[in-house]
Amino acid sequence: MFIINCPFCGERDQSEFKAGGEAHIIRPRQPTELSDDEWAEYLFTRKNIKGIQFERWNHAHGCRKWFNMARDTLNDEIKAVYKMGDKPPIE
Amino acid sequence: MKNNLRVKTSKLIDETYRISFKFNGTTYHGFKGDTLASALLVNGVHLVARSFKYHRPRGIMTAGSEEPNAIVQLHNNSSRTEPNVRATEVEIYEGLEASSQNCWPNVNFDIGAINNLLSPLLPAGFYYKTFMWPASFWEKYEYFIRKSAGLGKSPTKPDPDIYEHRYIHCDVLVIGAGISGIMAAKTAAKNGLKTLLVDEKPNLGGSEIYQNSEYFKIDNQTSGSWLEKEINKIKKIENLEIKTRTSVAAFHGYNFLLARENLTDHLPIEQRKNKTRHKLLKIRAKKVINATGSIERPLIFNNNDRPGILLSSAIKKYTDLFGVACGERIVLLTNNDSAYETAISLIQRGIKVEAIIDNREQLDSKLLYEVEKSNVKIFKGFTIVDTSGYKRINKVSIMKLSIDGQSVVGPKTNLYCDCLGISGGWTPTVHLFTQSGGKLKFREDDQVFIPNTNTLEQISIGACNGDLLLDEIIKNVPKSLKKFLNVKDFEYDDLQVLSSNNKSKRNIWLLPSDKVLGKTKPFVDYQNDATAKDIKLALREGFRSIEHVKRYTTTGMGTDQGKLGNMHALGIISETAGAKMGELGTTTFRPPYTPLTFGTIVGRNVGDYFDIFRKTPLHDWHVNNKAEFENVGQWKRAWYYPKENENMYQAVQRESKAARESAGILDASTLGKIDIQGTDASEFLNRVYTNAWSKLAIGKCRYGLMLNEDGMVYDDGVTTRLSENHYIMTTTTGGAANVMGKLEDYLQTEWPELDVYLTSVTDHFATVSVCGPNSKKIVSSVIPDLDFSDENFPHMSFKEAKIGKINCRVMRISFTGEQSYEINIQANYGKSMWEKCMVAGNNFDITPYGTETMHLLRAEKGFIIVGQDTDGTMTPIDLQMDWIVSKKKYDFVGKRSLYRSDTIREDRKQLVGLITENPTEVLEEGAQIVADINKSPVEMIGHVTSSYYSPNLKKSIALAVIRSGKNMMGQKLIIPMEKKTINVTVTDPVFLDKENKRLNA
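Chains as they are written, first to last, in our numbering: chain A, 1 to 91; chain B, 10001 to 11001.
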């Protein structure tokens, strides 16, 4: 069970949070312009990597804010948390 | 009863406190401080159990939680009885009742022991291989296999005990209160760190505490007395919490650990009343110190499982700590120096050591010389090739080991004994370390796995780190502690230590016999009866991965998780397959370290507290009026209100008729309500619903359908425009929280530029829905100041009103197809509003109806229920709701997905109505639909999603999803049931009042 440093509330138990999948996938501004393949890429294709993964998390039982997290899937170490819209602070 | 085998007074045993207990119906006596195991041994009882597969007689093997054999059933009654309890961990109390399990009729004469004779026919994988043919017979085999499977009996009545969960936060958690753990806890606590020390035993000190020998000294005192002084000192430190009888079950990431604190199991039953039995401790520690010690290894030789065969260290512990002699003529078999420590203890207490059989050839050991002084025969370079004694060992046969240790040579000698101690060296207890993600390395010198790398703030110290001897502990533990805790106040720098072990060891994983392997029974996993033969068979049959060999032979899969024999299994695999131990790795150690009862895991979440539930402000009224309830999401909703002897069907038929013919009243408070405000509120709704919202007039209501980005229907509900920039959205009861989350997600992450604020107000309002031809008359008399005329207050509109000083919001919207008014009022006035409606409706026989009637009424109208008629694979087009999908809007959530190649397929499953040929035949929801019953295999083209007998239409109606259903109007289909087939016709899903006349009647 992680301890997550919510950028708005500080360190809290993982049970207060909800994971929201891969981060930095931006909803296309003009979906109607996209081909089936391009839309499917946005809709379905997600990374599942061994190593540092960028994820969305929501402090659901707290401030209810969404934020991003860089997590090493190898050992669950959280390398960084950062706000929505910010660039990842690490590579 | 035999002679009393109590040989000395012990500090642990209170001989003034005599306790009587029953084992297999016989009454025995022990003293306070005894475990069930020590109390049985003192009474000369070794045969306590039968093994799982062959029903071989088994005895007590260890003195701790690693016990594989002596597992018993505790308590006689059907609520407290508990299977698979380790006799070595049970502290006796007055009135304790325990019995052997896995034997019938009793442990002395067990019919199942026939399996032992049949054992050549029962190799590894026997069940997999044998019960395959003929395949159709499995159901018949299964009955008998299930009957003989499993250990012990489960309780059949509710658990009367109380369990709790508790969170603990600390700077340092020390696991294990042996010598290393005590040093760690003292160091941490003395330096101001909030420290928690836990140990699974009732007393502190581990195995060093009873080491009272001139050969093991710290600062010129025996190591036992030095440790005792340390323990007395730490008990006074304020920021150190000590928990005994507390077993750490799991070590998760981020130093999150679960431990079970056992509070009452050692007390007589009558003293346990109103006390918590177990606490599940959820521990967050900044730093963790593993001081979990080590477990002595058995040796694997022919017939190594008889009652009376114990680990050598267990014999020492029973003697030193409990003052119990495990036998009167004891033989020891060893490959290292530990057995000599046992021998010295035994000799000190006057217990006869018959002989020591040492695998090693050349020996220069102080301990051995000491033992030799007492004229104990020592057979160097020998091994045991066989044992005898069915219910208690009485003889061992020994032979000389060949130089390579792979065979035996020379003559066979018999030694008579009543107890055999075995020592195969020590295995560091690394279970928790590996659970936490730590990786092990293999140390060739003494063939052990020790901690290597890990990512958490933790260290392993002492025996669990591979420092198995006292001098290594005293040398290495202080260094590790100083570095790990980075402390100033440190007192263990200059400890003087004397430790007399000779470190040599002759490791032979499978000791040879004069018989061929096939004729021997060398047990590796005692609890699951897996032998070295089984492991070799698995390798011959092609299994290579240790995880596969484990599952095929069930080695290490008992309740003890193979704490004793796993290393030998690995060793035998490694030797047979010619692989290196280090490369082979270990099987995965999984939580819990020792079994937990379900009660501990569940804690207080039992009965009414099993799951949280939500009640509406009208809940008490429903209860008082005999409503039956159903769970919808977390809510308790009134399901139907049976009168007198009505069953559900009768109640629902009556309620449904009343709602259409006069008036019905429903508690709709559970519907999700989201208050939406901001200058971009209309734009926001445009983006999250499929239809257009900009032009909705203030005071008007509109039904909306919400999709996922994949185009599938996600939720629906009516949203009302209260003012220019203010809406109130209703959602389904079960979907409310998810809809709120989804809307927030879009606002925060995709459209942060929108000026929109969301507030969940579900609990703020009570919602009373009155429907039926007389509904208008009823609500007019409840709210006399509001003009309810159709001109002023048409369908799909909203009015603010006052009853006296109380504000309420009234919406004329309908889920039943009848004229219908929803009154929303501050929650605490809900009950009074409901009661007012009941009074006003008295003349019209107003009928409270529940969710079942609501479902029936909406099905008559063909309205969908998201989650019942949809399942996450239905688009609005599939639901024949094309009308609600805006063609003009440039974008909304899910729009692009509505014309993916998959979603525009003509042959998707689509929502239709079904009418049965026999109008009284009601279909089963979930029933499968076929077009051609003669086609093989029969092709399922859809299923029934909603089905009722409509009292208003006087026929059976159903909704269904059917492949290409839209183009099948009027077509006849078949629903095959278990004993019959039902003929149905596909129809439009709207069965009643297609023209919506009733809404405006």
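Because the hints were derived from the structure by calculation, they are not lab data. Each hint should be verified, as a subset may be incorrect.
[Unchecked claim] Here are the in silico distance ranges between beta carbons for each label pair:
(1) K47/A with K10643/B: 29 to 39 Å
(2) E10995/B with G21/A: 54 to 64 Å
(3) K47/A with W10104/B: 51 to 61 Å
[Stated by the list, open to error] Result set (DSBU-like, lysine-lysine): computed pairs, CA atoms no more than 30 Å apart in a straight line:
(4) K10236/B with K79/A
(5) K10008/B with K79/A
(6) K10275/B with K83/A
(7) K65/A with K10482/B
(8) K50/A with K10236/B
(9) K10626/B with K10831/B
(10) K10626/B with K79/A
(11) K10032/B with K65/A
(12) K10831/B with K18/A
(13) K79/A with K10657/B
(14) K10286/B with K10032/B
(15) K47/A with K10236/B
(16) K10636/B with K10157/B
(17) K65/A with K10282/B
(18) K10802/B with K18/A
(19) K10287/B with K50/A
(20) K10742/B with K47/A
(21) K10217/B with K10236/B
(22) K50/A with K10636/B
(23) K10157/B with K10194/B
(24) K79/A with K10439/B
(25) K10636/B with K18/A
[Unchecked claim] Computed footprint of chain B on chain A, listed as stretches where at least three residues anywhere in the stretch have a Cβ under 8 Å from a Cβ of chain B:
(26) 1-12
(27) 34-41
(28) 45-54
(29) 67-81
These numbers come from a predicted model, not from an experiment. For each residue, glycine too, the CB sits at the ideal point set by N, CA and C.
Structure-based check of each hint:
Under the hint 29 to 39 Å, the C-beta atoms of K47/A and K10643/B, about 59 Å apart, miss the expected range. A hinted range of 54 to 64 Å for the beta carbons of E10995/B and G21/A is inconsistent with their spacing of about 46 Å. Checked against the hint of 51 to 61 Å, the pair K47/A and W10104/B passes, with Cβ atoms roughly 57 Å apart. A distance of roughly 40 Å separates the Cα atoms of K10236/B and K79/A; the hinted pair therefore is violated under the 30 Å criterion.
At roughly 59 Å between alpha-carbon atoms, K10008/B and K79/A are farther apart than 30 Å, so this suggested pair is violated. Only pairs whose Cα atoms come within 30 Å are accepted, and K10275/B paired with K83/A is rejected, the gap being roughly 47 Å. Annotation: proposed proximity of K65/A to K10482/B is violated, straight-line Cα distance about 42 Å (limit 30 Å). With a C-alpha separation of about 48 Å, the suggested pairing of K50/A with K10236/B is violated against the 30 Å cut-off.
Taken as a hint, the K10626/B and K10831/B pair is honoured in the structure, with Cα atoms around 16 Å apart against an allowance of 30 Å. Between K10626/B and K79/A the alpha-carbon distance is near 56 Å, which puts this suggested pair outside the 30 Å criterion. For the hint pairing K10032/B with K65/A, the CA-to-CA distance comes to about 57 Å; that exceeds 30 Å, so the pair is violated. Only pairs whose Cα atoms come within 30 Å are accepted, and K10831/B paired with K18/A is rejected, the gap being roughly 36 Å.
Annotation: proposed proximity of K79/A to K10657/B is violated, straight-line Cα distance about 63 Å (limit 30 Å). Proximity of K10286/B to K10032/B is assessed by CA-CA distance (about 38 Å); at most 30 Å being required, the pair is judged violated. Note on K47/A and K10236/B: the hinted pairing is violated, with a Cα-Cα distance of about 54 Å set against a maximum of 30 Å. Our distance criterion of 30 Å between C-alpha atoms is met by K10636/B and K10157/B, whose separation comes to about 27 Å.
Restraint check for K65/A and K10282/B: satisfied, since their Cα atoms lie roughly 27 Å apart, inside the 30 Å limit. Between K10802/B and K18/A the CA atoms are separated by roughly 41 Å; this puts the pair beyond 30 Å, and the hint is violated. Between K10287/B and K50/A the CA atoms are separated by roughly 27 Å; this keeps the pair inside 30 Å, and the hint holds. Proximity of K10742/B to K47/A is assessed by CA-CA distance (about 22 Å); at most 30 Å being required, the pair is judged to hold.
Annotation: proposed proximity of K10217/B to K10236/B holds, straight-line Cα distance about 25 Å (limit 30 Å). Restraint check for K50/A and K10636/B: not satisfied, since their Cα atoms lie roughly 44 Å apart, outside the 30 Å limit. Among the hinted pairs, K10157/B with K10194/B is inconsistent with the structure: their alpha-carbon atoms are about 42 Å apart, more than 30 Å. With a C-alpha separation of about 21 Å, the suggested pair K79/A and K10439/B falls inside the 30 Å cut-off, and the hint holds.
Between the alpha carbons of K10636/B and K18/A the distance comes to roughly 25 Å, so the proposed pair stays at or under 30 Å and holds. Given a C-beta distance limit of less than 8 Å, the hint that chain B covers the segment 1-12 of chain A holds, as 3 residues qualify and 3 suffice. With a threshold of 8 Å between beta carbons, the proposed coverage of the segment 34-41 of chain A by chain B holds, since 4 of its residues qualify and at least three are required. With a threshold of 8 Å between beta carbons, the proposed coverage of the segment 45-54 of chain A by chain B is violated, since 0 of its residues qualify and at least three are required.
Only residues whose C-beta sits within less than 8 Å of a C-beta in chain B count toward coverage, and the segment 67-81 of chain A has 3 of them, enough to reach three; the restraint holds.
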